[in-house]
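Under my numbering, the first residue of the sequence shown carries the number 1, and numbering increases by one thereafter.
Treat the hints with care, since some could be wrong.
[Claimed, not checked] For each label pair, taking beta carbons as the anchor points, the in silico distance ranges come out as:
1) 62 to 34: 16 to 22 Å
2) 20 to 40: 32 to 38 Å
3) 73 to 53: 29 to 35 Å
4) 75 to 19: 21 to 27 Å
5) 75 to 13: 16 to 22 Å
6) 72 to 13: 20 to 26 Å
7) 6 to 74: 35 to 41 Å
8) 16 to 75: 36 to 42 Å
9) 20 to 72: 16 to 22 Å
10) 70 to 34: 15 to 21 Å
11) 75 to 18: 14 to 20 Å
12) 66 to 17: 30 to 36 Å
13) 14 to 59: 30 to 36 Å
14) 51 to 10: 15 to 21 Å
Hints are computed from structural coordinates only; laboratory data are not their basis. Backbone N, C-alpha and C define an ideal beta-carbon position, used for all residues, glycine too.
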Amino acid sequence: MNEIEQEIVALTAKLQAEPDDARALYRRGSLYWKLGRRAEAITDFNASAEIEPDGPGAAAAAHALSILDFFNPQNP
Numbered sequence: 001m002n003e004i005e006q007e008i009v010a011l012t013a014k015l016q017a018e019p020d021d022a023r024a025l026y027r028r029g030s031l032y033w034k035l036g037r038r039a040e041a042i043t044d045f046n047a048s049a050e051i052e053p054d055g056p057g058a059a060a061a062a063h064a065l066s067i068l069d070f071f072n073p074q075n076p
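Make a model of the complete structure from these sequences and hints.
Right under this line is the structure:
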């Protein structure tokens, strides 16, 4: 298990105890994104944004969706 995966495991344990930790959700989402696990990243970014609408999770969710939309071959 690499360092990123270890940090995801640690953040997941933290979130089991504190499910409303918006910063931990954002951080885990960022790590998922680095691993190419886009759906999990966006889920965490959205959850973070629901808890903290003006936090980094909201911006990350919007940015991630914009990137995916840009690279979607079905878009003209």
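Verification of the hints:
The supplied range of 16 to 22 Å is met by residue 62 and residue 34, whose beta-carbon atoms lie about 18 Å from each other. Take residue 20 and residue 40: their Cβ atoms lie about 18 Å apart, and the range 32 to 38 Å is violated. At roughly 32 Å, the beta-carbon separation of residue 73 and residue 53 lies within the given 29 to 35 Å, and the hint holds. Roughly 35 Å separates the CB atoms of residue 75 and residue 19, a value that falls outside the hinted 21 to 27 Å.
Taking the beta carbon of each, residue 75 and residue 13 are about 38 Å apart, not inside 16 to 22 Å as hinted. Taken as a hint, the range 20 to 26 Å is violated for the pair residue 72 and residue 13, whose Cβ atoms sit roughly 34 Å apart. About 37 Å separates the C-beta atoms of residue 6 and residue 74, a value consistent with the hinted range of 35 to 41 Å. Distance hint check for residue 16 and residue 75: the Cβ-Cβ separation is about 38 Å, which falls inside the suggested range of 36 to 42 Å.
Between residue 20 and residue 72 the beta carbons are some 32 Å apart, a value that contradicts the proposed interval 16 to 22 Å. Under the hint 15 to 21 Å, the C-beta atoms of residue 70 and residue 34, about 19 Å apart, fit the expected range. Against the hinted window of 14 to 20 Å, the Cβ-Cβ separation of residue 75 and residue 18 comes to about 38 Å, which falls outside the hint. Taking 30 to 36 Å as the suggested C-beta distance range, the pair residue 66 and residue 17 conforms, at roughly 33 Å.
Range check, residue 14 to residue 59: about 22 Å between beta-carbon atoms, so the 30 to 36 Å window is missed. Taken as a hint, the range 15 to 21 Å holds for the pair residue 51 and residue 10, whose Cβ atoms sit roughly 19 Å apart.
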